[in-house]
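**Q** Counting in UniProt numbering, the sequence shown runs from 1 upward without gaps.
Read the hints as simulated data drawn from the structure, not as lab findings. From a predicted model like this one, the values you see are computed outputs, not experimental measurements. Glycine included, each C-beta is placed from N, C-alpha and C at the ideal position. A hint or two may mislead.
Only pairs whose alpha carbons sit at most 30 Å apart, straight line, appear in this in silico DSS-like list of lysine-lysine [to be verified]:
no. : residue 1 : residue 2
1   : Lys200    : Lys134
2   : Lys163    : Lys200
3   : Lys128    : Lys76
4   : Lys150    : Lys72
5   : Lys204    : Lys172
Quick list of simulated restraints, FRET-style, between CB atoms [said to hold, decoys possible]:
no. : residue 1 : residue 2 : range
6   : Lys47     : Ser131    : 35 to 45 Å
7   : Lys181    : Asp43     : 37 to 47 Å
8   : Asp43     : Asn108    : 35 to 45 Å
9   : Asp133    : Leu46     : 36 to 46 Å
10  : Asn218    : Asn165    : 14 to 24 Å
11  : Thr153    : Val55     : 10 to 20 Å
12  : Asp45     : His100    : 31 to 41 Å
13  : Ala173    : Ser216    : 15 to 25 Å
14  : Asp90     : Leu46     : 37 to 47 Å
15  : Ser216    : Arg54     : 42 to 52 Å
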Amino acid sequence: MGELYQVLFHNGNGFSKVHCEPINQKESNGDQKEDSWFEEELDADLKWSFALNRVLHRGTSEYQDIALLDTKRFGKVLVIDGKMQSAEVDEFIYHEYLIHPALLCHPNPKTMFIMGGGEGSAAREAFKHKSLDKVVMCDIDQEVVDFCRKHLTANHEAFRNIKLNLVINDAKAELEERDEKFDIIVGDLADPVEGGPCYKLYTKSFYENILKPKLSDNGIFVTQVDYSFVLYFSAHHFHTLMFGMLD
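Could you put the whole structure together from the sequences, leaning on the hints where they help?
**A** Structure, rendered in structure tokens:
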């Protein structure tokens, strides 16, 4: 492994690094060429690494660290608090599965509330369904939203759609304050890192006392669930909790 020259993020749940590693290639002048890599530690015995062209942007908002990386294989990659959130080449797979099944299962979806979703991809997929009259996208971090609007050009049309109601607020507080109910509620959130802004949006009390009452008749809630070793509860426990609450 090459010499570590930059640590992008380090939180209590693992490291994310950019390092330089010699590979078996040479520049035209005969010098050894070095590649840059992004490395994320998923668990004590599991990491993944992505070869980089360059770091496009780094910043820190009130709530979290933000980075945009230009990777060799997956295009632009959004990283928040050291955790990869989406990659330009394949993010459509995640967002299509997150959005379309719920909308297709609902008999007549008119309204949607997206918790998080600041990059705009979930809203982009939602607007492919003409039955929707209103999509509320509630993200806590204005800087993440502005960052994604500037750098993730594939979602520009979603941000300009007249059906989008963009709200900068904590999703829990926003749902509590609203009187209306929604046909679809989507959790397009970062992983529940303890102490992070999304952690409380994965709790049993939030699901039972705040989210469920905001679902309309035939309402559907859908959320992402990352690998069980990343979460602070097992996937089995999470699914049992959700089934018991929404049944």
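**Q** For every hint, state whether the structure bears it out.
**A** Hint check results:
1. Lys200 x Lys134: holds (25 Å)
2. Lys163 x Lys200: holds (28 Å)
3. Lys128 x Lys76: holds (23 Å)
4. Lys150 x Lys72: Judged against 30 Å, a Cα distance of about 21 Å means the pair holds.
5. Lys204 x Lys172: holds (13 Å)
6. Lys47 x Ser131: 35 to 45 Å: This hint holds: roughly 43 Å between Cβ atoms.
7. Lys181 x Asp43: 37 to 47 Å: Distance hint for Lys181, Asp43 holds at roughly 39 Å.
8. Asp43 x Asn108: 35 to 45 Å: Given a distance of about 43 Å, which is inside 35 to 45 Å, the answer is holds.
9. Asp133 x Leu46: 36 to 46 Å: holds (44 Å)
10. Asn218 x Asn165: 14 to 24 Å: Since the Cβ atoms of Asn218 and Asn165 sit about 22 Å apart, the hinted range of 14 to 24 Å holds.
11. Thr153 x Val55: 10 to 20 Å: holds (18 Å)
12. Asp45 x His100: 31 to 41 Å: With Cβ atoms ~35 Å apart, the hint holds.
13. Ala173 x Ser216: 15 to 25 Å: holds (20 Å)
14. Asp90 x Leu46: 37 to 47 Å: violated (20 Å)
15. Ser216 x Arg54: 42 to 52 Å: holds (46 Å)
Comparing the model with each earlier hint shows a violation of hint 14 alone; every other hint is respected.
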